[in-house]
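Number of protein chains: 2
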Amino acid sequence: MHGSEPLKGYKDFMEQRRLTLSARGGEVPLSPIRKLTPLADDAKTRGTEIYHLNIGQPDIRTPKPVIDAYRSFNAEVLAYSPSLGIPQLRESIAGYYQRYGHDVSPREVAVTVGGSEAIFFALSAVCDPGDEILVREPFYANYIAFAAMISAKVVPIPSSIGNGFALPSHDEIARYITPRTKAILYISPENPTGIVYDRAEMETLRELCERFGLYLIADEVYREFIYDDHVQFTSILSLPGFEQHAILIDSVSKRFSSCGARIGCIVSFNRGVMELVDKFAQARLCPPTVGQLAADAAYRMDPSYFTPIRDEYKRRRDVLVEGLRKIPGVTLNVPEGAFYLMARLPVADAEDFCRFLLADFEEGGKTVMLTPGAGFYSTPDKGRDEVRIAYVLETEKIRSATSLLEQALPLYRKQSR
Amino acid sequence: MHGSEPLKGYKDFMEQRRLTLSARGGEVPLSPIRKLTPLADDAKTRGTEIYHLNIGQPDIRTPKPVIDAYRSFNAEVLAYSPSLGIPQLRESIAGYYQRYGHDVSPREVAVTVGGSEAIFFALSAVCDPGDEILVREPFYANYIAFAAMISAKVVPIPSSIGNGFALPSHDEIARYITPRTKAILYISPENPTGIVYDRAEMETLRELCERFGLYLIADEVYREFIYDDHVQFTSILSLPGFEQHAILIDSVSKRFSSCGARIGCIVSFNRGVMELVDKFAQARLCPPTVGQLAADAAYRMDPSYFTPIRDEYKRRRDVLVEGLRKIPGVTLNVPEGAFYLMARLPVADAEDFCRFLLADFEEGGKTVMLTPGAGFYSTPDKGRDEVRIAYVLETEKIRSATSLLEQALPLYRKQSR
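Going line by line, the protein sequences match chains A and B. Quick note, my numbering runs 2 ahead of the 1-based positions in the first sequence. Quick note, my numbering runs 2 ahead of the 1-based positions in the second sequence.
To be clear, the hints were calculated from the coordinates, so they are not data collected in a lab. Treat each hint with caution, since some may be false.
Which copy? The list can't say, so a pair holds if one copy fits it or any two copies do.
Lysine to aspartate or glutamate pairs mimicking EDC-like chemistry, simulated, CA-CA at most 20 Å apart [unchecked claim]: (1) K37 / D280; (2) K13 / E174; (3) K368 / D44; (4) K155 / D130; (5) K416 / E365; (6) K384 / D354; (7) K13 / D173; (8) K66 / E78; (9) K37 / E277; (10) K10 / D173; (11) K10 / E174.
Produce the entire structure from the sequences given, and follow the hints as far as they go.
Written as C-alpha cells, this is what we have:
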C-alpha cells in the first residue's frame, strides 16, 4: 500500500461527484390529481364543460370586506409587517377564539402564510429527521409533503369506509406509537372524509398524548362547516389541562372563501413551541401585508356571516348524498362537516375511472372531475376503489354531476370488462 | 433476568417521555436585532426619534402600478392561483430576464412566497439532513435559519473587512468542501457587505462547482442596485454551459420596494430541481394571489423606473461613506451595490454600542439604530466590532445619523472606559 493512496482515493471520489437531488424531495408525493390535469385540459380544449368536484376551492363569494381591504389599500410603501403578523390581526384572531369561549391572547397567535405554513411550522417545532407523526388514514395528502420536507414521516392510523372511518381504540392507536413518535395530527371537520371528531374521540387522543408525551396538532380550518344539530364540535382549545400539548392550525382560506389571501395562523399556549414558531417566522420575514388587512376585515365580520353559507353547504351535501345513493354499488360515508365526501365506487381502479370521465366520457357537453381516493392513503393499495368528492359547487351543478356519474359508471364498467 | 423485563423497561420508557422541542428549532438563530428591539421601543416611548438604519426596509415609494393592482382587484372569489404562479406573472418574470439577455422561459420560473421561500426551496431541493452549504462570511443571517429548518448546515468561507471581504482563492475555498457539501450559495450585490462579485470571482465559483459537482445558488435580489460605472454585474444566468448547476433566487421586495407583497421566484434550467420545486410548491398550494397581480404590474413597468432610484441610493451611499469617513477610527468597505455597508467601529463590542445608542444616548431628541455585525458571522467572535448599516433613508437623515454616530462614539468610549 502506498501512503498516498487513501488521499488520492478521496480526491478522485470528490472530483467525480455529480449533481444530486435531495432524498427529501423524492419523498414529497405528487398531488393526487396531478396526472389528471392534462386530461382535464384536453377535455376543455375539446369544449367539454367540467364540474370540478376535485379541489377544495369553493365558489362561495368572497365577503365584501375582504375584497374592500385590497381595494382600499393605500400606503406609500408596501412594507414588511411584523413576522408574527400585524398586531390588529393577531387581536382579531384572538377575539374570534374568545367568542367560542377559548381564552386565547394575541401573543398566543402567530399569523402564517396560509394553514400550510402553520402545519409546516408545527411539524418543524416538534420533529427532527426520522421522527414520526401519527395521522388517521385517509388524510390530506400534503401532510406527507410537509413531513417529508423536514425528513420526518407520517405514520398512518388505518381506518376504512366500511366502518365509517371510525377512529381506532386507544390501545389500537398505541400500537403505532414508537420512541420516534412526536405528535398526533388530526383534522376536524376532516378533509377528506367530512368526519367531525366527537368528545369521546378527542378524549382518546388526549389520553394517548398525555400517556406518551406527544403533541396533539389540530387542523380546525373547517370549524364552521358542520351541518347537523346533533353533531357537536370539540375544539382542541377546549380541553382543560391539555394546554402544553395542544397546537392549533387554522386558516381564512375556507372559512372566508379567501384561499388566495394565504393567511393562516398557529395557536399554542406552549411557550417553547411559540418561541420556535417565532424564529421560523422571523426567517421568512412576514406573511403578505395586504392579505393580513383583508383577513383582519374578515375576522371582524359578524358571525352571522356563516349562517347562510353553512345552509348552502348543507344543501349541497344533501343533494350530493341523495344523488350518490341512487347509483347502484356506491358506498358512501355521509359527511358531518367540511365539504368533502369519500365514496367507494363499483370499480377496481377509481383513478382509471377518473381518467375515463375526462378522456372518454361526456354527456350534453359535460363531465365531472373527481380526486382518486388512493392519494389520501399512504398504505399501499388502500383506497383504490374510492374517490373524494368536494361539494364546492352550487346544488344544480352537483345534481348534474351525480347524474353524469350515474351514466358514466355502467359505460365504464362495460368498456373495461 | 426475567423474560418480561426488556418489554417492561420499554413500556416505562415510553410512558415517562415528556414533550420535547425539535433540535432543528434550537439551531435557528435569533435575528441579530432581536435583543435591541425592546430598547428601541423604550426609546420611542421616551419620545426619541430613531433613524432605522438597521433593516432592509427601503422608504422608496412603492410604484403606482403595484398599489393600483391591489386597488383594482375585483374578483368574485379570491381563489388559489396555480402553485407555480399565475401564468402571466411567470411570463413577465421570464421577460425581465430576457431583457438582460438571458434565455429564460416561463416554465423555468417558479413563483415563490418572497425570496425567502425561494432560498428555502433551493436548499430543500439539494440538501438532506447533515448536508452542507458553503457561504462566504459575513452573510445574511437567515441563510442559517433556512438550512437549520431542514437540518442542513451553513459552512462559512471566511473573509474579512481588513482585505475588503475578498473572496478567497479556488484552493482556499476547496479546503471547505467535504463529501457533504451540496452547494455554494452567494449573493451579489451582497447583503451585508455591498460587494458585487466580479467575473473572476464568478469563474472561481463556477470552477469549484464543476470540479466538485456542486450547485451554485445565486441570490440576485439587489441586481439593479449598483452604483459605479466600472462595476460590472455578472448574473449566474450568463455563465454558458453551467445551466445544470445554476439556481437563481429572486424577489420583488427590494427591486420594486414591495417587501410586503411576498413575491419572489426561483429560476433554474435544471429540470430535476424544478420538478422538486414544483412538488414543494404544490404542498403549500400557492403564493398570494393579489400579490402576484401586483408583481406582474411591477415587472411590466419600463426599466427606466430604476434610474432615479439607483441615483437616489448612490447619493445615499455617498453621503453615508463621506459621513463615516469623518469619524476617527471607523474602517469601512465602500459598497458597490445593494444598500448595506459593513463598518468596523473603534469599540470592542459593537452590540453593546448599539444598545448604548438606544438606551443611553440621544442628541436633539434623536438617535440611530444599527445592526450588530456579529449576527452576520457564524464563526464565534468574528465581527464583534462591526456593524451593518442599511442606507434606506433619505440623504438628510443619513447625514444626521452619521453625525449622531460621530457624537456618540467618544461618549460611549468615555463611559465604557
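*Give the relationship of K13 and D173 under a CA distance limit of 20 Å: within one copy only, between copies only, both, or neither.*
between (54 Å within a copy, 13 Å between copies)
Exercise for review: Since the copies are identical, ignore which copy is meant and state whether K66 and E78 lie within 20 Å (CA to CA) inside a copy, between copies, both or neither.
Suggested key: Classified as between: cross-chain Cα gap 9 Å, same-chain 24 Å, threshold 20 Å.
At most 20 Å between alpha carbons: which applies to K37 and D280, within, between, both or neither?
between (37 Å within a copy, 14 Å between copies)
- Could you place K13 and E174 in one of the four classes (within, between, both, neither) given a Cα distance threshold of 20 Å? Between copies only: 15 Å across chains, 53 Å inside a chain, cut-off 20 Å.
Requested in this report: Give the relationship of K10 and E174 under a CA distance limit of 20 Å: within one copy only, between copies only, both, or neither.
Outcome: Result: close only across copies, 18 Å inter versus 55 Å intra.
| said: When Cα atoms must be at most 20 Å apart, do K37 and E277 count as within-copy, between-copy, both, or neither? | reply: Between. Shortest inter-copy distance 14 Å satisfies the 20 Å Cα cut-off; intra-copy 40 Å does not.
Is it within, between, both or neither when you check K368 against D44 at 20 Å Cα-Cα? Classified as within; 13 Å inside a copy, 65 Å across copies.
#### Entry: Alpha-carbon proximity between K416 and E365, which holds within one copy, between copies, both or neither at 20 Å
within (17 Å within a copy, 88 Å between copies)
Homomeric proximity label, K155 with D130: Cα distance no greater than 20 Å: both (10 Å within a copy, 14 Å between copies)
K384 and D354: within-copy, between-copy, both or neither at 20 Å Cα
within (15 Å within a copy, 61 Å between copies)
If the cutoff is 20 Å on CA atoms, where do K10 and D173 land: within, between, both or neither? Let me know, please.
-> Close across copies (16 Å), not inside one copy (57 Å); limit 20 Å.
Violated hints for the displayed structure: none, as all numbered hints are satisfied.
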